[in-house]
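Assemble the whole structure, with the sequences as input and the hints as a guide.
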Amino acid sequence: GNSVTQMEGPVTLSEEAFLTINCTYTATGYPSLFWYVQYPGEGLQLLLKATKADDKGSNKGFEATYRKETTSFHLEKGSVQVSDSAVYFCALSESNNDYKLSFGAGTTVTVRA
Amino acid sequence: DTAVSQTPKYLVTQMGNDKSIKCEQNLGHDTMYWYKQDSKKFLKIMFSYNNKELIINETVPNRFSPKSPDKAHLNLHINSLELGDSAVYFCASSQTGSKGYEQYFGPGTRLTVT
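Protein chains in written order, with the working numbering: chain R, 362 to 474; chain X, 8 to 121.
These are calculated hints, taken from the structure and not from any lab test.
You may find that some hints are simply not true.
Said to hold, decoys possible - With a Cα cut of at most 30 angstroms, we get these calculated DSS-like pairs of lysine-lysine:
(1) R:421 x X:59
(2) X:43 x X:29
(3) X:48 x R:429
(4) X:48 x X:16
(5) X:51 x R:429
(6) R:421 x X:48
(7) R:421 x X:74
(8) X:29 x R:413
(9) X:74 x X:16
(10) R:417 x X:48
Spelled out as structure tokens, the structure:
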């Protein structure tokens, strides 16, 4: 079946530090890949997505590249801000699984001023 | 305008009670979902409806019954609530055929069973 493994947190960084959250997946076909972000007390928001191999998703300074050869979709940001403190979820959906989202366990990121 | 809305935002109730959570989306999407987020933030799909038809029904106790009166609404009724039902429940929607089938989430309903 489909599954997503993401780097365990929590992660604590200083402002302007570089952030990487690793995500790898298992899928039977060609999934679409997503990063969702959950700010404290809020619902999930789509941060970025990629729908085919070698696609790069980007938004708000975050980037992730769909790497089929390593089945990975690592999230990166070059210079984090306090406002980036949140829980980040890697997820995939696939046509042979009714497009339901399979989520990773989430990584809590705290950015200190 | 809120794209996906849920009511109530907070729900505190006692064991054994029956409660409902409502979800509405104004995005014109044809598919809606319910997810459960436990205390460790882990998210799991519960149900999915496409054009009012149930298409995903994960291993969820039959005390949970979704109902979709129309494409824009998906409600979740829970009978005989148990302590383990305490969680945050998220509704989401998507459109069949949209690139990547990205899902839009509501703000969540925090259910506390005492």
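*For the pair we were handed, residue 48 of chain X and residue 429 of chain R, check the Cα-Cα distance against 30 angstroms.*
27 angstroms, holds
*Holds or violated: residue 29 of chain X with residue 413 of chain R, Cα cutoff 30 angstroms?*
Roughly 35 angstroms separates the two Cα atoms, so the pair is violated.
*Has the given pair, residue 48 of chain X with residue 16 of chain X, been kept, meaning a C-alpha gap of at most 30 angstroms?*
17 angstroms, holds
*Holds or violated: residue 421 of chain R with residue 59 of chain X, Cα cutoff 30 angstroms?*
Violated: residue 421 of chain R and residue 59 of chain X sit about 35 angstroms apart, past 30 angstroms.
*asked:* Against the 30 angstroms threshold, does the CA-CA distance of residue 51 of chain X and residue 429 of chain R hold or violate the hint?
replied: 24 angstroms, holds
*Can the restraint linking residue 417 of chain R and residue 48 of chain X be considered satisfied, given a maximum Cα separation of 30 angstroms?*
27 angstroms, holds
_Distance restraint between residue 74 of chain X and residue 16 of chain X, which requires alpha-carbon spacing of 30 angstroms or less_ = Satisfied, since the Cα-Cα distance of roughly 19 angstroms is no more than 30 angstroms.
*Take a quick look at whether residue 43 of chain X and residue 29 of chain X sit within 30 angstroms of each other, Cα to Cα.*
The given pair, whose Cα atoms are some 14 angstroms apart, holds under the 30 angstroms limit.
*Is residue 421 of chain R within 30 angstroms of residue 74 of chain X, Cα to Cα?*
37 angstroms, violated
_Just to be careful, I want the Cα atoms of residue 421 of chain R and residue 48 of chain X compared with a cutoff of 30 angstroms; is the pair within it?_
23 angstroms, holds
In this structure, the hints that do not hold are numbers 1, 7, 8, in rising order.
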